[in-house]
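Peer 1: Each chain, letter by letter, is given below.
There are 4 protein chains.
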Amino acid sequence: MAITSEQQREIDAERELTHATRRVVSAGLEDILFKALPVLDHGFVRVVDYMGDDGAIVQAARVSYGRGTKKVREDQGLINYLMRHRHSTPFEMCEIKYHVKLPIFVARQWIRHRTANVNEYSARYSILDNEFYLPAPEQLAAQSESNRQGRGDVLSGEQAARVLDVLRDDATRAYRHYQELLNVADDGSVLDESQDGLARELARMNLSLNFYTQWYWKIDLHNLLHFLSLRADPHAQYEIRVYADVMLDTVKAWVPAAHAAFVDYRMGAVTLSASAMQVVRRMLGGERIDQASSGLGKREWTELMTALGRAE
Amino acid sequence: MAITSEQQREIDAERELTHATRRVVSAGLEDILFKALPVLDHGFVRVVDYMGDDGAIVQAARVSYGRGTKKVREDQGLINYLMRHRHSTPFEMCEIKYHVKLPIFVARQWIRHRTANVNEYSARYSILDNEFYLPAPEQLAAQSESNRQGRGDVLSGEQAARVLDVLRDDATRAYRHYQELLNVADDGSVLDESQDGLARELARMNLSLNFYTQWYWKIDLHNLLHFLSLRADPHAQYEIRVYADVMLDTVKAWVPAAHAAFVDYRMGAVTLSASAMQVVRRMLGGERIDQASSGLGKREWTELMTALGRAE
Amino acid sequence: MAITSEQQREIDAERELTHATRRVVSAGLEDILFKALPVLDHGFVRVVDYMGDDGAIVQAARVSYGRGTKKVREDQGLINYLMRHRHSTPFEMCEIKYHVKLPIFVARQWIRHRTANVNEYSARYSILDNEFYLPAPEQLAAQSESNRQGRGDVLSGEQAARVLDVLRDDATRAYRHYQELLNVADDGSVLDESQDGLARELARMNLSLNFYTQWYWKIDLHNLLHFLSLRADPHAQYEIRVYADVMLDTVKAWVPAAHAAFVDYRMGAVTLSASAMQVVRRMLGGERIDQASSGLGKREWTELMTALGRAE
Amino acid sequence: MAITSEQQREIDAERELTHATRRVVSAGLEDILFKALPVLDHGFVRVVDYMGDDGAIVQAARVSYGRGTKKVREDQGLINYLMRHRHSTPFEMCEIKYHVKLPIFVARQWIRHRTANVNEYSARYSILDNEFYLPAPEQLAAQSESNRQGRGDVLSGEQAARVLDVLRDDATRAYRHYQELLNVADDGSVLDESQDGLARELARMNLSLNFYTQWYWKIDLHNLLHFLSLRADPHAQYEIRVYADVMLDTVKAWVPAAHAAFVDYRMGAVTLSASAMQVVRRMLGGERIDQASSGLGKREWTELMTALGRAE
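Protein chains in written order, with the numbering used here: chain X, 15 to 326; chain C, 15 to 326; chain D, 15 to 326; chain U, 15 to 326.
Possibly wrong hints are sitting among the right ones.
Treat identical chains as interchangeable: a pair holds within one or across any two.
Here are the computed lysine-lysine pairs in the BS3-like style, where the Cα-Cα straight-line distance is at most 27 Å [as the list claims (entries may be wrong)]:
1) K266 <-> K84
2) K49 <-> K84
3) K312 <-> K49
4) K312 <-> K84
5) K312 <-> K85
6) K85 <-> K49
7) K266 <-> K85
8) K49 <-> K266
Calculated from the structure, these hints are not laboratory results.
If we strip away everything but chain X, and leave its shape as in the complex, we get:
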């Protein structure tokens, strides 16, 4: 359960209020504003604020006095052009703020993106909740043989069960000890009046990396799309990819034209090196080429054939 009933009440109360504004409004995003969109077993993504819409991209590109928008079709064309030619500054004119609950090991990957504003829940100041991530059985994969940083086959049922037992037991014990070190009970009361609790900033070190943390995370659309292009990618670790997937849906609700351009010109796009382009040109000229005659390394050859839909 990601959200307590008290938190849900706070969210509901927030959603009920409506204000009048002169700012542009994204109907799609207003619809889901503040809602906790579930991710993994205890995590969520909530959009808590935003600035701008597709029109704001167009407006900035034109440095106009009013809305700057023309026909929808022309706006989509301009946005496609900006995306294709990597004119990134107009996309920076939109901003979004998320509230995210996520396992610490995911947070450690996520924070490597430096172009966002972050306020994380402080375990120096407060006590972390007793919530940790346990993978679903179908996510318990063996180490990949071919990819040093990837997953291979799913583990057998028996082995998977053992993995879950270990993860659950160790996290459970870690949290119980965390409370003992802090000298606090589940309800926040003191456990043993004759003792002091260890400082929170020290006790937290006993928790494992699958415990959940949370933060406010704010970013502009250009940098968000860059983040998503890396983290919604099949090479990204599953546990961060599911967050990126949910966020990609919020982008679609927010700025549909920018989302469409992103899907075509970035997510689905392929970058071919000068050497690879040479190979494609030769193939189009009717030449039969294999890896040896291509001049490409094995890995790059395989990547190219996959991109061309010609992998054996």
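Since the structure of chain X is provided, determine the placement of chains C, D and U on it from the hints.
Peer 2: Quick look at chains C, D and U alone, frame taken from chain X:
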């Protein structure tokens, strides 16, 4: 005249529209949204979008599910605390977007602040307007004798008149030649059908640094306050300070609690070095100190005496 | 033991090589280059590369063609002036690169500084070593009563022993299970040939936050000094402060003039709000002031009295 | 003439000094260190400092204790892999510092790249030299008909001569008036003892955008390559492209393996959208496709055919 009547109509049309939103709203900022606030002879500052309010700072500091605000007094206290202890990340959770028209030499100072998003009107793509900055007579100051990057006394009337004549004549000629190089007339038509116009990206180099440009400029509150602390400072050049002053007013309308904290703990604050603090402690102990016995350099001694209201 | 004998050999081999360069050289930093400076029980800081020296700050401030340095005294004066007036860009012209080994919970605080370049050891790609942080007994402090994010009194011997037992046992078990999940033995061989190992990117989540990680961390001098002003501060958590202290020593060896200015004008400096300055001026005028008549809040009054050396 | 004889003496003196260092050294870059590489009529690029080499990229990717390098071939392979998969952080571990002299309108484009450190010569503090850019006749191109921000045919001799006359006359007059406003002669002496000079921060506004400025500019290799991929591109304005071209040569001298990877996987690479890849796959399957049946817009179709070497 900063704004044409057509631009004013676009702005007015924009101001008339109101939408419903679940987002927090700053009443003070809604009031002036889109309005062109005049600066210098042809410049302006317009707030064109914003995200967050004082409550968003508090909410991020507390990583809360709902608004996170308590009593106004407590919120002001927390914001003061954050400002005093330079906990800057909660202030990054508010964002504002300006449309600014400003002389190029001011834009060159301004752009040195790298933590903003910018879309500038492109003189490669479009033709700049015939608008250049001429200082008001009381701003025509001599080079300061004591400060290598400051102004001294105001020039005499006769000399001031000569300065204005030079600036006006050279800018007027520069623009006329700009049009001739481009081969365009005032109304945008071709001047001489038998000739080609020079590429816009080249012709612009004939314009002087007092011509106006414009841009969309978007920044978070923390970085905006840092910008304002440097540019609303008496050491800043007058021509950028007047922009900062107007923007400081928009901050007051937007986030009054953060503005109050900023004025007390940053704008009006004084940072005393370890050595200067030593001097203050000795003075409070009743010792009579002059520069020689203070251990401070001349310049720092003078700065300290000024800060203490004891400059001769 | 922070460094294996093989690693020490690699470091020694690196230190033996000398090259000729036209670049400026910092004798103080060359002396300690590559050396592992120990921090905490298994951590270290190593300077692995640098660019510039005190002269480079002066040179950039003057945009000069040659070294740009004048007499040492004048250079110190200019550097003091730049530091005092927060002219930060010349300090950005020096760059330093560290190799740091540190507990994960320290790394999580550290990474919040976004203005550095980082390459962290990847636990998706490789297996983490069996090294975790155990505080020294004198660091095992109770939660502070007065400061929600600080430490109070040191725990009694008996309680401290229990804390260490818990931390040691849980970390030891976590690592043993980590190896079991990975299906690898201490020497890297497979534990059980009949089983697959869990993917490294999953298994790591069983480790606790006191395990050590390591990274290359590169930053310019201005941003390093900002980092140090926050992390070498008494309010910083002890476990990151000891890293900052060692790094401050490397700054002293590298750029002694900038270090001296930093100590006087930043580390030892006090920023007084407009209201606090008013109080100081009244006190210097001979007025007797207490908190009630000062107009300051209780907390700010106490901070001011402490800064003035007048705390009761 | 970009460099005075006095400046050349300072540079020569700097080049004569050699120091011993434990840091890695790039022989190729040491060779040209401090030399003014000429660009345009009065500009230059000088490498004034650097940190790291190809090995530093490899070392950071491996987070190694010593040099981390293996065989040259393996290192090139790893660098290619990092470049192809946009693993950018290891490239951030190399840093370079340039001293650049460039026209103000070029500086205005350049400074839009925010990820560098900059110290610019201050025209508030000092007097700018009498040097302005005049394009070579073959660069005097008409506005392009097809590309709103590009150049078309070169102007006729007569028209080109007129353009140069205008640019030269206006810049010459602007500088003479600049000196009159400042009340200084060529040799720095006062022109008219009975008058004050206008403040430098005001007088500079009379200069046109083709006057030269200069700065120290420091950047890491990843961001430098991003800058070069945009500015050494055929779509970039000629006057900034020539700077990028010279800097690309310095990159080749500095980090030849990274340079080779950059040329193949970035400069010469082509990014094809999902739709464009669909077209390529159909063409490889033997289908005959024209713009109408491709599903691509006209512009994108033309771009694709050009990339495939099939433009009519």
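Peer 1: Determine for every hint whether it applies to the structure shown.
Peer 2: To see whether the hints hold, each was checked on the structure:
Taking the shortest alpha-carbon separations for K266 and K84, only the intra-copy value of 21 Å comes in at or below 27 Å, while the best inter-copy value is 34 Å. In the homo-oligomer, the alpha carbons of K49 and K84 lie at most 27 Å apart only across protomers (22 Å), although the nearest pairing inside one protomer, at 32 Å, exceeds that limit. For the homomeric pair K312 and K49, neither the shortest alpha-carbon distance inside one copy (47 Å) nor that between copies (40 Å) is at most 27 Å. When the C-alpha separation of K312 and K84 is checked against a cutoff of 27 Å, the pair qualifies only between copies, where the shortest distance is 20 Å, while the shortest distance within a copy is 49 Å.
With identical chains, the CA atoms of K312 and K85 are at most 27 Å apart between copies only, with a shortest distance of 19 Å across copies and 48 Å within one. When the C-alpha separation of K85 and K49 is checked against a cutoff of 27 Å, the pair qualifies only between copies, where the shortest distance is 25 Å, while the shortest distance within a copy is 32 Å. Proximity of K266 to K85 under the C-alpha cut-off of 27 Å is restricted to the intra-copy arrangement: shortest distance 20 Å within a copy versus 37 Å between copies. For a Cα distance limit of 27 Å, the shortest separation of K49 from K266 inside one copy, 16 Å, qualifies, whereas the shortest one across copies, 31 Å, does not.
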